[in-house]
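Number of protein chains: 4
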Amino acid sequence: MEWFEVKIKVRYSETDQMAIAYHGNYFSWFEVARTEMIRGIGTSYKEMEEHGVLLPVIDVSCQYKVSAKYDDELVVRVKCTKYNGIRMDFAYEIIREADQALIATGATKHAWIDKKYRPVRLGKIVPAIHKKLLQELEK
Amino acid sequence: MEWFEVKIKVRYSETDQMAIAYHGNYFSWFEVARTEMIRGIGTSYKEMEEHGVLLPVIDVSCQYKVSAKYDDELVVRVKCTKYNGIRMDFAYEIIREADQALIATGATKHAWIDKKYRPVRLGKIVPAIHKKLLQELEK
Amino acid sequence: MEWFEVKIKVRYSETDQMAIAYHGNYFSWFEVARTEMIRGIGTSYKEMEEHGVLLPVIDVSCQYKVSAKYDDELVVRVKCTKYNGIRMDFAYEIIREADQALIATGATKHAWIDKKYRPVRLGKIVPAIHKKLLQELEK
Amino acid sequence: MEWFEVKIKVRYSETDQMAIAYHGNYFSWFEVARTEMIRGIGTSYKEMEEHGVLLPVIDVSCQYKVSAKYDDELVVRVKCTKYNGIRMDFAYEIIREADQALIATGATKHAWIDKKYRPVRLGKIVPAIHKKLLQELEK
Chain P
5 MEWFEVKIKV RYSETDQMAI AYHGNYFSWF EVARTEMIRG IGTSYKEMEE HGVLLPVIDV
65 SCQYKVSAKY DDELVVRVKC TKYNGIRMDF AYEIIREADQ ALIATGATKH AWIDKKYRPV
125 RLGKIVPAIH KKLLQELEK
Chain D
5 MEWFEVKIKV RYSETDQMAI AYHGNYFSWF EVARTEMIRG IGTSYKEMEE HGVLLPVIDV
65 SCQYKVSAKY DDELVVRVKC TKYNGIRMDF AYEIIREADQ ALIATGATKH AWIDKKYRPV
125 RLGKIVPAIH KKLLQELEK
Chain L
5 MEWFEVKIKV RYSETDQMAI AYHGNYFSWF EVARTEMIRG IGTSYKEMEE HGVLLPVIDV
65 SCQYKVSAKY DDELVVRVKC TKYNGIRMDF AYEIIREADQ ALIATGATKH AWIDKKYRPV
125 RLGKIVPAIH KKLLQELEK
Chain F
5 MEWFEVKIKV RYSETDQMAI AYHGNYFSWF EVARTEMIRG IGTSYKEMEE HGVLLPVIDV
65 SCQYKVSAKY DDELVVRVKC TKYNGIRMDF AYEIIREADQ ALIATGATKH AWIDKKYRPV
125 RLGKIVPAIH KKLLQELEK
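Chains as they are written, first to last, in the working numbering: chain P, 5 to 143; chain D, 5 to 143; chain L, 5 to 143; chain F, 5 to 143.
For reference, chain P alone in the conformation it holds in the complex (with noise of 0.2 Å):
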């Protein structure tokens, strides 16, 4: 899968006292990029939490680079690293819009669960999404 890119920009709330970005944002960014690369493949997330599947986070990580500052104007790449119809995995890249510097790397790791928090298989509920999310891979 290609990289899928969103732009967002510090927000001063964002920031904490060393006057860069706290480093628990960073997760807030992964999943606005996350929420577009969904849209992007033709369904919304909201949409598929209504299909009553949830995508909750079971592992992250994250290697911080370069301090990014309130304003800066940041480009978060995500792609999707695996999808096996139950577990999905994501990769990402922070780069600062100005010089193209390398902000931040990291990873999520992820299960489709139904609301009452079981296991479930994507395919057996939302059988279109399970299909573009396939075809998406082998791109």
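Simulated from the structure, these hints should not be mistaken for lab results. One or more hints might be untrue.
Given that identical chains are not distinguished, each listed pair holds provided it fits within a single copy or across any two copies.
[As the list claims (entries may be wrong)] No more than 30 Å apart at the CA atoms, straight line, and that leaves these computed lysine-lysine pairs for DSS-like: (1) K73 / K119; (2) K73 / K143; (3) K13 / K135; (4) K120 / K11; (5) K11 / K128; (6) K50 / K11; (7) K135 / K120; (8) K128 / K73; (9) K135 / K11; (10) K69 / K135; (11) K83 / K135; (12) K83 / K11.
On the provided structure of chain P, position chains D, L and F as indicated by the hints.
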């Protein structure tokens, strides 16, 4: 009603690059105080949500007197200023433990609703809590 | 002054278990609008901090009309309602893009200070910005 | 080094619409534990920043085992797993107080730097703290 007090310590993640606690975070502190005050009455807000009633915020205000800083120990005081079975209002004060400086004052207004976002009379759903709230307000 | 508008989309991290955007987060959205409005005037808040002037919040309020939800596209409108060289106030409206519903209204009050938290006259430190702000307010 | 423990309670503002604590917030909890662990050693991170040394995060990871929910009382355990005067690493466990369930495990890696973001040897700037950290690690 008398003030109900909780203690919190300003977290690093709550600071911004002005090296003070970000103003939006004060509302989470107000909520921590509200949660503990309701528990102090003999129920818990968590339980009330399990009874199917929610207490969303419809109006907030906050006056910032002195900046709260990282690692400051703060006393967050809350009292219920209005309760009529449908609406519920609270007032707040935040005091810096070290020197009793008044950090901020605030107020929030709420409405009891059900899970379909319709207004509800709390007394019809959880009469025991309704009675306790009325008793507390007379103190 | 006329309304200045920015668009934001509600992030998953901004929701709470009531399945609506957490009320404290509206203040970060107000700030995103403020940041872009100041840039629209021809400077940036980032630059102003580099000039040694800060614009902390001293009073906020917000009225929540309709709940904002995950993935909602929102227009955040801001205008400066007062500027006298020392103090600066803003008003806000949040509109849901899809149906133009009024989600919330709000206001924030600020004071220009230096890095030692002393009040400053903006006109003495960055006269060009001071002049532009006065011109904008007359529009 | 032995585990150092702090207790926290999941705040409403920390939940998301999946009705669990948002995964990015675990990193603020790790930081609360880190702050108190450093205080337990006899200094405070706040003081260290006043000495001109900062401890930014360069790598984080977290494994989510069981969802933390609103109002859950959690024990956040931290221990230093590496300290060589320049770098400092920590491991974490989050336990649910009620039933001792393991909620999450995690790790963060840090580097000591000065206010100009240059790497520093902690022993050169605050030798007393450097010595204490080495002693603690031998326990």
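### Query
How would you classify K120 and K11 at a CA-CA limit of 30 Å: within, between, both, or neither?
Between copies, since 28 Å is at most 30 Å while 34 Å is not.
### Message
If the cut is 30 Å between Cα atoms, do K83 and K11 qualify within a copy, between copies, both or neither?
### Response
Answer is both: 15 Å inside a copy and 25 Å across each meet the 30 Å cutoff.
### Message
I want to check one pair: K13 and K135. Are their C-alpha atoms no more than 30 Å apart within a copy, between two copies, both, or neither?
### Response
between (33 Å within a copy, 27 Å between copies)
#### Entry: Homo-oligomer pair classification [K119, K73; C-alpha up to 30 Å]
between (37 Å within a copy, 15 Å between copies)
### Query
From the Cα coordinates, with 30 Å as the cut-off, is the pair K50 and K11 best called within, between, both, or neither?
both (20 Å within a copy, 19 Å between copies)
### Message
Checking an output row: K11 and K128, CA cutoff 30 Å. Within, between, both or neither?
### Response
Intra 34 Å, inter 36 Å, cutoff 30 Å: neither.
### Query
For the identical chains here, do K135 and K120 meet the 30 Å Cα criterion within one copy, between copies, both, or neither?
Within one copy only: 24 Å inside a chain, 34 Å across chains, cut-off 30 Å.
### Message
With identical chains, the pair K69 and K135 could be close in the same copy or across copies; at 30 Å between alpha carbons, which is it: within, between, both, or neither?
### Response
between (36 Å within a copy, 29 Å between copies)
### Task
Have a look at K73 and K143 and pick one of within, between, both or neither, based on CA distance no larger than 30 Å.
neither (34 Å within a copy, 33 Å between copies)
### Task
Measure nothing new, just compare the shortest in-copy and cross-copy C-alpha distances for K128 and K73 to 30 Å and report within, between, both or neither.
This pair counts as between: shortest inter-copy Cα distance 27 Å, intra-copy 44 Å.
### Message
Treating 30 Å as the Cα threshold, decide for K135 and K11: within, between, both or neither.
### Response
within (28 Å within a copy, 33 Å between copies)
### Message
For K83 and K135, with the copy left unspecified, which applies at a CA distance of at most 30 Å: within, between, both, or neither?
### Response
within (17 Å within a copy, 45 Å between copies)
Consistency note: the structure conflicts with the earlier hints numbered 2 and 5.
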